[in-house]
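Here the protein sequences come in this chain order: X and P. Read in this note's numbering, the first sequence has 39 at position 46, and its numbers run on one by one without any break. Read in this note's numbering, the second sequence has 63 at position 70, and its numbers run on one by one without any break.
Misleading hints may appear alongside valid ones.
One-sided excerpt, in silico: chain X residues whose CB lies under 8 angstroms from chain P [said to hold, decoys possible]:
no., residue
1, Gly35
2, Ala44
3, Lys45
4, Arg245
5, Gly246
6, Ser295
7, Gly297
8, Glu324
9, Pro325
10, Ile328
11, Ile409
12, Glu415
13, Gly438
14, Arg439
15, Asp440
These stretches of chain P come out as covered by chain X in the derived footprint (C-beta under 8 angstroms, 3 or more residues) [stated by the list, open to error]:
no., region
16, 47 to 61
17, 172 to 186
18, 234 to 245
19, 408 to 416
Don't read these hints as lab results, they were simulated from the structure. We put the beta carbon where it would ideally sit given N, CA and C, even for glycine.
There are 2 protein chains.
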Amino acid sequence: MDGNAAVVLLLVLAIASSPLTGASLTKKPNFVFMLMDDMGWGDLGVFGHPAKETPNLDKMAADGMTFPDFYSANPLCSPSRAALLSGRLPIRNGFYTTNAHARNAYTPQVIAGGIADEEILFPELLQKAGYKNKIIGKWHLGQQPQYLPHKHGFDEWYGAPNCHFGPFNDKGSPNIPMYRDDHMIGRLYEDSEFMINHTTGYSNLTQQYIEEATTFINTQAAADTPFLLYWAVDATHDPLYASHDFLGTSERGLYGDAVRELDYGVGVILAAIKSAGVEENTLVMFSSDNGGATYAKTTGGSNGPFLCGKETTYEGGMREPTIARWPGKIEPGTISRQLGNLMDWFTTSLDLAGIELPQDRIIDGISLAPALFNNTPVDRPIFYYRGNEMMAVRVGMYKAHYWTWTNFMVDIDKGIDYCPGEDVSNVTTHDQVNNTATPILIHLGRDPGEKYPIRSGTAEYKQAMAMVRPVVDDHKKKMVPGKPALNKCDKAVQNWAPPGCEALKRCLPVPAHNEVDCTWGH
Amino acid sequence: MDGNAAVVLLLVLAIASSPLTGASLTKKPNFVFMLMDDMGWGDLGVFGHPAKETPNLDKMAADGMTFPDFYSANPLCSPSRAALLSGRLPIRNGFYTTNAHARNAYTPQVIAGGIADEEILFPELLQKAGYKNKIIGKWHLGQQPQYLPHKHGFDEWYGAPNCHFGPFNDKGSPNIPMYRDDHMIGRLYEDSEFMINHTTGYSNLTQQYIEEATTFINTQAAADTPFLLYWAVDATHDPLYASHDFLGTSERGLYGDAVRELDYGVGVILAAIKSAGVEENTLVMFSSDNGGATYAKTTGGSNGPFLCGKETTYEGGMREPTIARWPGKIEPGTISRQLGNLMDWFTTSLDLAGIELPQDRIIDGISLAPALFNNTPVDRPIFYYRGNEMMAVRVGMYKAHYWTWTNFMVDIDKGIDYCPGEDVSNVTTHDQVNNTATPILIHLGRDPGEKYPIRSGTAEYKQAMAMVRPVVDDHKKKMVPGKPALNKCDKAVQNWAPPGCEALKRCLPVPAHNEVDCTWGH
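Hey, can you work out the whole structure from these sequences and the hints?
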């Protein structure tokens, strides 16, 4: 070994042995965060789906790091996404309701609220530091103009503010608009390029979202600008869709077709990052916003061995299929035992970009740098909320259910079942059950399916709860709930006349305001 | 490219484009078949266990071929193993009972029967062709002397004839003997080297089974003798055990400790195959004898997203975690859609060894050569039996339950539950339900968890059953059940005085014969 080689080796060892931080990176890294919609933990081959139809994601895992213990901050889309972007639990950032106890709330078209200006989203801070930021797909942090992406840190946007389920004509409610950046360019179901065919399941949207991603990556790489791409695609959310090349190709049916097209998209985007020459400087993370929609039966995602799904605070509702990739920085084929959370994308990106965290508020996300670069998990709890209630907490391998609730029997009788075929004594409950005095305790290592609560009289129970209770007490003591943003609904706030409708001559008449309390069924 | 290189390339292409057969192999291949005991489909990282504690098996899958649709021939140990070795369904080879309808039967110590001399086991045929064969671990094809491995094709044996649960002293019943080849060398729970500590879970047996395997491989490789190693280890069967280095190391508890030690053993054995220089000439396959024992709650295996477990004909009872590895012959990281069965190990090994199949009987196993070497699945049905009843059949993606039965409510009330926390309308049933007129139909692609039967009036139902019924009719028409070997029980046939007990001076007095009908609870 000559002298130069020895110096290089020492440098390599030095980098390998300490977590990367913004200060240690010579260049600001790029971030590509891929967030799926209602995809379950068990939908990927690498997470055990028997169809094994996700070769690109499985390869991403083999080339990167898999996080089997990664969570969303909420079992529903809007609060989950607001938490991801703000680094804070929905109870803090306002994405919850106080209209009813422990109810999941989100941002349908009638929602009056949205993300508050006081909330700091990490793209805002990246933008100030010179980043170019783009969101592709679903926003879901409020659809009134003041809540839209370009007001909250994104330079570019291609996608829709709300879910893509109905309406399908402009009667009663306006169709959901598609945006390019800060203006509407058409509406779902109205314009042929934004069509979703409910009969065939055909739509070209995922292909558009893939192309938008590669164009953005190539443009920023050519300009040598650091960038954030937030790829928030929604083909696995009802109504499912796929393009012609993927329709009918999955053994799983239309849901699998959508998964296959998204998996293909991941492959295309990873290839674009490589061909654009920024692979060595780009952290890619993949996850989902909440658990698979088990109530959708054979047209929803799989939560693998976990109990229940979306809308619930069981593992099936909040554990997410998460993979990170960064060639040269993350060791290939590694498994992280980090208890991760989508809120960590906030803290991790700021850390790696060398940007100081906001000091005036509690941030719930942690930097994943020690996990990503040294495979050293950082101790932290996971809180499982529904609306204004902390339902459960995970500390280490123990999960304590302070409240349990699957859904009302009256809903199940109507066919809406969040735990179909599953009925676990004392764990799944058809009323909101307050277990605060004696929480239902699960060891998630021995019992990932949450079927066998540890008896409350045992030494293990006492020891575990002695560890859990102070964590909960501390959390509750410091908790100052934000102003609830999801309490008020108003038909007038819908997308009747979004920015840009004048140029298109497609503004619809806005009805009179009539703000009422939103009602949330679950 | 010079001429020689072109010839080599052409040869390589020729080999790559046609399935290997015995005729095309220049040398008889070795077979290492690893069969786990009560390990579930979902226990391996590569099959989605969230603990991801099987790095060697996950690596084996990355280096080889994964079979997500691989089955046992029965949801219980003895019939499954008899089918594997005979290539025939238990209803043909006699490993079933007619004492009660649709009851699972096996070979406890009191069983009078065992594998019939008329059954041809594939080691017998390999032996005649010059192979050296060894079984390590659990035999389970009958414990009377005439049924033991050396009478049925194995040159060597290190292990026990029965399950390793009780008795724990020689009162009432003799302790289970440990054999070396054709003679007893001690008894479980009596001799310190064969101890299983019920309090700590300690036992050194897996370490012994690993060492026996590597010694055998090295010896045969050095002698240049083709060999079969049947590694039938049992640490994941109740009572669970692990050695000191593994006890307490898994987040899953003792079950996970056992899995981790077996995974370690797989790594050691694969390394031994390589270091012995026979890697390029050895087919290694890994699987399990039946589904995870869900009734064991937190001390049993995981069946991932599948319904129920061991003892049942739902997917959780019979789908097995299966991996094949053969560097240079099997393309790394491939997934096979083959509907496979443990009985295929019979046909595949004979095919690859260039040995003609028996022509005087129906063989249910198929050669996996097209799947292994060309990734071309062969169309074939899967039959799910309990005892003397065909409960279900899989044809393509469709599974039709002709009979359903989980277990009696009276057992569940006693805490014996094969589908804990699972209760699927019309699918899980607490009586033996005859659906033959209108089978319960499942599409396993859209519904791997068997929760959403396809309605019988639909076009899909009619089309699918039009495909399924002829397969079942043909199967039943050709079915000539073998003489049931698991009907009679007798306390006198127990391991009182196994071969070799005289030399050890450890023969026990044999009680008088009293043959009675065996009773089978499930």
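Hint-by-hint comparison with the structure:
1. Gly35: holds, 6 angstroms
2. Ala44: holds, 6 angstroms
3. Lys45: Holds, because the Cβ-Cβ distance from X:Lys45 to chain P comes to roughly 5 angstroms (cut-off 8 angstroms).
4. Arg245: holds, 5 angstroms
5. Gly246: Constraint on X:Gly246 satisfied, holds at 4 angstroms.
6. Ser295: holds, 6 angstroms
7. Gly297: For X:Gly297, the interface hint holds, since the closest Cβ of chain P sits about 5 angstroms away, which is under 8 angstroms.
8. Glu324: violated, 13 angstroms
9. Pro325: violated, 11 angstroms
10. Ile328: holds, 5 angstroms
11. Ile409: X:Ile409 check fails; min Cβ-Cβ to chain P is 15 angstroms, beyond 8 angstroms.
12. Glu415: With a closest approach of 6 angstroms, the X:Glu415 hint holds.
13. Gly438: holds, 3 angstroms
14. Arg439: With Cβ-Cβ at 4 angstroms, under 8 angstroms, it holds.
15. Asp440: Because about 5 angstroms separates X:Asp440 from the closest Cβ in chain P, which is inside the 8 angstroms limit, the hint holds.
16. 47 to 61: Result for this restraint: holds, n = 3.
17. 172 to 186: With 0 residues in contact (Cβ-Cβ under 8 angstroms with chain X), the coverage given for the region 172 to 186 of chain P is violated.
18. 234 to 245: holds (count 3)
19. 408 to 416: holds (count 4)
When each numbered hint is compared with the structure, violations occur for hints 8, 9, 11 and 17.
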